[in-house]
Amino acid sequence: MSNCNCHSQSDVHFGDYFSENIYTWCTNCGNYGIAAAVKRALAAQKIAPCQTLLCFDIGCHGNGSDKIGGYRFHGLHGRVIAFACGASVANRKIKVVAFGGDGGTLGEGVGHLIAGIRGNYEVMFVFHNNLNYGLTQGQASATTKVGVKMNSSPDGVTSDPLNAMKFVLSLNPSFAARTFSGDIKHMTETFEAGLKHKGFSFIEVLQSCPTYNHMTPHEWYQERVKDVSEIKNYKSNDLSAALEIADDLEKQIAIGVLYQNLKAIPFMDRQANRVGKKTQLVDEVKNIGVSKLFDAFR
Amino acid sequence: MSKLDRISIKICGESGQGINSIGEVVARALKKSGFYTFGYREYPSLIKGGYASVQIDFSDHPVNASSRETDVLVCFSRVAFHAYLPMLRTGGQVIHTVQMPQLSEEEQQLVIDKKIRIAYVGAYEIAQEIGGRSIMANSVMVGALWQLTGLVFPPLEDVVRGEFSTKPDYIEPNIKCLKKGFDSNLEGLSPLVINFPPDEKRKTDALLTGNHLVSLGAVACGVRAYFAYPMTPSSSILSYMADIYKETGMLVKQLDDEISVAQMAIGAMFMGTRALVATSGGGFDLMTESVTLSAMTETPFVCILAQRPGPATGLPTWTAASDLNLAVYSGHGEFTRLVIALSDSKSAYSVVQKAFDIAEKYQMPVIVLTEKQIAESLFQLDDMEGFFDVKRHLENDDRLKTLVSTDRFKITESGISPRWLPGQADATYVGNSDEHLTDGTLTEDAQTSLAMQSKRLRKLETLLLELPEPELIGPQNAKLTFVGWGSVKNTIDDVIAIWNEQHPKKSINFLHYEYVYPVKVEKLKELIRRKQSLVLLENNAFGQLGGLLTQQTGYLFSDKLLKFDGRPFFIEDVLNYLEGRLGD
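For the protein sequence lines, the chains are W and Z, in the order given. Residue 209 in this note's numbering sits at position 209 of the first sequence, and the numbers go up by one each step. Residue 278 in this note's numbering sits at position 278 of the second sequence, and the numbers go up by one each step.
Note that these hints are calculated values from the structure, not bench results. These numbers come from a predicted model, not from an experiment. Even for Gly, the Cβ is constructed at its ideal location relative to N, Cα and C. Each hint should be verified, as a subset may be incorrect.
Unchecked claim - Computed footprint of chain W on chain Z, listed as stretches where at least three residues anywhere in the stretch have a Cβ under 8 angstroms from a Cβ of chain W:
id: 1; stretch: 90 to 100
id: 2; stretch: 198 to 209
id: 3; stretch: 286 to 296
id: 4; stretch: 457 to 470
id: 5; stretch: 483 to 492
id: 6; stretch: 556 to 566
Said to hold, decoys possible - Subject to a maximum C-alpha distance of 20 angstroms in a straight line, what follows is the list of computed EDC-like cross-link-like pairs (lysine to aspartate or glutamate):
id: 7; chain 1: Z; residue 1: K455; chain 2: Z; residue 2: D426
id: 8; chain 1: W; residue 1: K93; chain 2: W; residue 2: E223
id: 9; chain 1: W; residue 1: K251; chain 2: W; residue 2: E223
id: 10; chain 1: Z; residue 1: K361; chain 2: Z; residue 2: D445
id: 11; chain 1: W; residue 1: K93; chain 2: Z; residue 2: D397
id: 12; chain 1: W; residue 1: K93; chain 2: Z; residue 2: D426
id: 13; chain 1: W; residue 1: K93; chain 2: W; residue 2: D16
id: 14; chain 1: Z; residue 1: K361; chain 2: W; residue 2: E189
id: 15; chain 1: W; residue 1: K292; chain 2: Z; residue 2: D382
id: 16; chain 1: Z; residue 1: K455; chain 2: Z; residue 2: E579
id: 17; chain 1: W; residue 1: K277; chain 2: Z; residue 2: E247
id: 18; chain 1: Z; residue 1: K246; chain 2: W; residue 2: E223
id: 19; chain 1: W; residue 1: K46; chain 2: Z; residue 2: D434
id: 20; chain 1: W; residue 1: K286; chain 2: Z; residue 2: D357
id: 21; chain 1: W; residue 1: K292; chain 2: Z; residue 2: E385
id: 22; chain 1: W; residue 1: K286; chain 2: Z; residue 2: E247
id: 23; chain 1: W; residue 1: K292; chain 2: Z; residue 2: E247
id: 24; chain 1: W; residue 1: K292; chain 2: Z; residue 2: E163
id: 25; chain 1: W; residue 1: K286; chain 2: Z; residue 2: E579
id: 26; chain 1: Z; residue 1: K346; chain 2: Z; residue 2: D397
id: 27; chain 1: Z; residue 1: K201; chain 2: W; residue 2: D295
id: 28; chain 1: Z; residue 1: K361; chain 2: Z; residue 2: E247
id: 29; chain 1: W; residue 1: K278; chain 2: Z; residue 2: E413
id: 30; chain 1: Z; residue 1: K506; chain 2: Z; residue 2: D397
id: 31; chain 1: Z; residue 1: K391; chain 2: W; residue 2: D283
id: 32; chain 1: W; residue 1: K292; chain 2: Z; residue 2: D397
id: 33; chain 1: Z; residue 1: K354; chain 2: Z; residue 2: D397
id: 34; chain 1: Z; residue 1: K346; chain 2: W; residue 2: E192
id: 35; chain 1: W; residue 1: K235; chain 2: W; residue 2: E192
id: 36; chain 1: W; residue 1: K93; chain 2: W; residue 2: D160
id: 37; chain 1: W; residue 1: K292; chain 2: Z; residue 2: D389
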């Protein structure tokens, strides 16, 4: 396959990811900061727009799929991780990033999250956790706190909420980080760490939703977040420590790289018949002789 | 009654007794003896018990389908004995391992009426005597069967030696069992009269299933990833792809559900490789949303839909051609798709290659229908036919430098827009499941939506121009024309040979639809104009192809031969119909 070499002579800049399309998010939506941090992290990691595939789920964040540069895909609700995993195996030279909300990811798409983590596909997954279904006008999601009155839960949510980070950590992920949409610098650093990781990197973004989530605006998070680098003796290679510290979502909320396993083997390197292959699956599409295979049936 | 041109042997027993392996050994040995064979498999959806069978029909000319009745029954279990006894032809013979079978009054009468002869073989005792395991009774019985065929021993011995080539310790005891069976006393039975000659050329033929051929077609046309969730009758594609994955280097991955399967395939295709998926009706139901995604984002997608009777779990291990409507109408919204149906061994190998070519050229979903009857039956062929050159239908290197983002979904007369892959050009785009502009940017504008939807739908007209008319098989002028698709083609191939030879003045032919949607109807219209007698022949209850053809022509099929009991069309099903309709 012939490759684009538009950036072979120049650095990648934030502006390379510029799009003329105008954002359609609410004022103060956490998505603005997340989009800015994603662009910064990609540029800082020298990943050119033509060498990246940004995959979006259906939800408010997904309406940003055409407001950023790069190859992009805006698929079906809940399915973004499965799509991104499929894309990632076909061409490992292209950086694959997936974005999904708490609605699609922990509702219809929860099986794909499990499969993505277990397989350790080379995908950075940005989990937009704003505690509700925004685009359908504020229904409860799996992370909405119990008792909160939401669209179609007039007397308050009755099911217990899911702690997404604890759920992910229970699956023995190779990379799990948390950040929040009020701090572009922290998000950028966290995304950069995720982009560098070889395998499935799960990044939870605690996100404000000024329209439907009045419980946890940026200020609320700002007062409570604490980066694990500021926590004494915290080591991000200790899964049980991560599970313990991930529990608190009310008083002191841990952010930063909570857990990373540098020894985890990425998906394609786990396939015995692909080890040592220099080509990508996209390079290998051509006629292949099958007469030897056929002759085995004679 | 039409005279048949073949001999049929049925091996039957419980699921788990190795019936399928025995069937394959017998088919292989008959082939090595110089005959054409066809193997048909029946089995229950359980791992142990029930009753299962493999029927081998053999002759001196190609055999494509099974006869309903058999000449010889080789039986390993009491349940199977009673289940299959009525399937014997007049003069049929049984060799079995069942201790003192108790025949009902009805069965006793059947044995008298049909002059059936039955012999017991103490296969388990013989296997024990030799010091073998009880499974070696299978070899004793195959040896006994071989004595009944009257054929020479060496081809059978060769096949059994080959069968155990990876387990050399088992070879000699099995050969001993085989010989004991071959020399056993089959009291009251008499050797089969094989009144057709063997042919040396058949010895090097290959025996393989439709699913094997589909897999080989996929490998041949550069499929580099195979995703699936196990579901009969598609599962053997997954296991075979896994068996050969070291040789092919293909990524073969069993996933967590059919939704993941479809999505990962579309992801891999969007990135630019060729990924294949296969499932059955229930699994396809889960994929249908993704089929619409392929259409909207103009990402190629190829799915093999291996049919079995539904609804719900239905008859999981039996056959049907009842998902044509599912393939044609599934998914919300209106979009262009292609549905192709496999039938014979040639199509099993070639169609999947064609499917990828069209899916990539038109950037749309292609559904390939197969049936349990094709997927798991054993076909004999000397070589594969229908090899296609891989064309990617992508922008060339010169064009890549000058592309702009709005080229990707450009409005064109044909409906087909330029396609290039992530990483190939500076001009990036969005594959957007929302309605979009020509670079994939989301839009809800009425005029643009109309233009984009019209562009995508125009692919249907462009596609129709390149699709072939159905093939008229048999004599061009015939007394009666069957119209059908899928595995019925194989039955009709055999029936045409038998019927037309015995009834030259009442010959029949068959209008065979391989490309079932969008459907070409010129040839059919011509037959209608000529007032040709038409009979719809389908392995379903609704006559689903008939429905599609009526939509396009206004012609109502008043004569239909439909079957929907989980079994394929046996040659007698059609021959008996013809006797009733055209007989003396």
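A quick look at each hint next to the structure:
1. Counting residues of the stretch 90 to 100 of chain Z whose C-beta lies closer than 8 angstroms to any C-beta of chain W gives 0; at least three are required, and the coverage claim is violated.
2. Only residues whose C-beta sits within less than 8 angstroms of a C-beta in chain W count toward coverage, and the stretch 198 to 209 of chain Z has 5 of them, enough to reach three; the restraint holds.
3. With 3 residues having a Cβ less than 8 angstroms from any Cβ of chain W, the stretch 286 to 296 of chain Z passes the three-residue criterion, so the hint holds.
4. With a threshold of 8 angstroms between beta carbons, the proposed coverage of the stretch 457 to 470 of chain Z by chain W is violated, since 0 of its residues qualify and at least three are required.
5. With 0 residues carrying a beta carbon less than 8 angstroms from a beta carbon of chain W, the stretch 483 to 492 of chain Z misses the three-residue requirement, and the given coverage is violated.
6. With a cut-off of 8 angstroms between beta carbons, the stretch 556 to 566 of chain Z has 0 residues touching chain W; three or more are needed, and the interface restraint is violated.
7. As the CA atoms of K455(Z) and D426(Z) are separated by approximately 25 angstroms, the hinted pair breaks the 20 angstroms bound.
8. Distance check on the hinted pair: K93(W) and E223(W) sit about 40 angstroms apart at the alpha-carbon level, beyond 20 angstroms; violated.
9. For the hint pairing K251(W) with E223(W), the CA-to-CA distance comes to about 9 angstroms; that is within 20 angstroms, so the pair holds.
10. At most 20 angstroms may separate the alpha-carbon atoms for a hinted pair to count; K361(Z) and D445(Z) exceed this at roughly 28 angstroms.
11. Proposed proximity of K93(W) and D397(Z) is supported: the alpha carbons are some 19 angstroms apart, at most 20 angstroms.
12. With a C-alpha separation of about 15 angstroms, the suggested pairing of K93(W) with D426(Z) holds against the 20 angstroms cut-off.
13. Between K93(W) and D16(W) the CA atoms are separated by roughly 19 angstroms; this keeps the pair inside 20 angstroms, and the hint holds.
14. In summary, the hint linking K361(Z) to E189(W) is not supported, as the alpha carbons are separated by about 42 angstroms, beyond the 20 angstroms threshold.
15. As the CA atoms of K292(W) and D382(Z) are separated by approximately 14 angstroms, the hinted pair is consistent with the 20 angstroms bound.
16. About 51 angstroms separates the Cα atoms of K455(Z) and E579(Z), which puts this hinted pair outside 20 angstroms; it is violated.
17. In summary, the hint linking K277(W) to E247(Z) is supported, as the alpha carbons are separated by about 13 angstroms, within the 20 angstroms threshold.
18. Simply put, K246(Z) and E223(W) have alpha-carbon atoms about 55 angstroms apart, too far for the 20 angstroms limit, and the pair is violated.
19. For the suggested pair K46(W) and D434(Z), the alpha carbons sit about 30 angstroms apart, so the restraint of at most 20 angstroms is broken.
20. At most 20 angstroms may separate the alpha-carbon atoms for a hinted pair to count; K286(W) and D357(Z) meet this at roughly 12 angstroms.
21. Restraint check for K292(W) and E385(Z): the C-alpha separation of about 15 angstroms stays at or below 20 angstroms, so the hint holds.
22. For the hint linking K286(W) to E247(Z), the alpha-carbon distance of about 15 angstroms falls within 20 angstroms, and the restraint holds.
23. For the proposed pair K292(W) and E247(Z), the alpha carbon gap of about 10 angstroms is at most 20 angstroms, so the pair holds.
24. A C-alpha spacing of about 18 angstroms is found between K292(W) and E163(Z), which places the hinted pair at or below 20 angstroms, so the restraint holds.
25. For the proposed pair K286(W) and E579(Z), the alpha carbon gap of about 50 angstroms is over 20 angstroms, so the pair is violated.
26. A distance of roughly 36 angstroms separates the Cα atoms of K346(Z) and D397(Z); the hinted pair therefore is violated under the 20 angstroms criterion.
27. For the proposed pair K201(Z) and D295(W), the alpha carbon gap of about 15 angstroms is at most 20 angstroms, so the pair holds.
28. A hinted pair counts as satisfied when its Cα atoms are at most 20 angstroms apart, and K361(Z) with E247(Z) does not qualify at roughly 28 angstroms.
29. At most 20 angstroms may separate the alpha-carbon atoms for a hinted pair to count; K278(W) and E413(Z) exceed this at roughly 40 angstroms.
30. For the suggested pair K506(Z) and D397(Z), the alpha carbons sit about 60 angstroms apart, so the restraint of at most 20 angstroms is broken.
31. The suggested pairing of K391(Z) with D283(W) holds, with an alpha-carbon distance near 13 angstroms, which does not exceed 20 angstroms.
32. At roughly 34 angstroms between alpha-carbon atoms, K292(W) and D397(Z) are farther apart than 20 angstroms, so this suggested pair is violated.
33. The straight-line distance between the Cα atoms of K354(Z) and D397(Z) is roughly 25 angstroms, outside the 20 angstroms bound, and the hint therefore fails.
34. For the hint linking K346(Z) to E192(W), the alpha-carbon distance of about 52 angstroms lies beyond 20 angstroms, and the restraint is violated.
35. For the hint pairing K235(W) with E192(W), the CA-to-CA distance comes to about 19 angstroms; that is within 20 angstroms, so the pair holds.
36. With a CA separation close to 41 angstroms, the supplied pair K93(W) and D160(W) exceeds the 20 angstroms bound.
37. Taking the CA atoms of K292(W) and D389(Z), the gap is about 19 angstroms. The hint holds against a cut of 20 angstroms.
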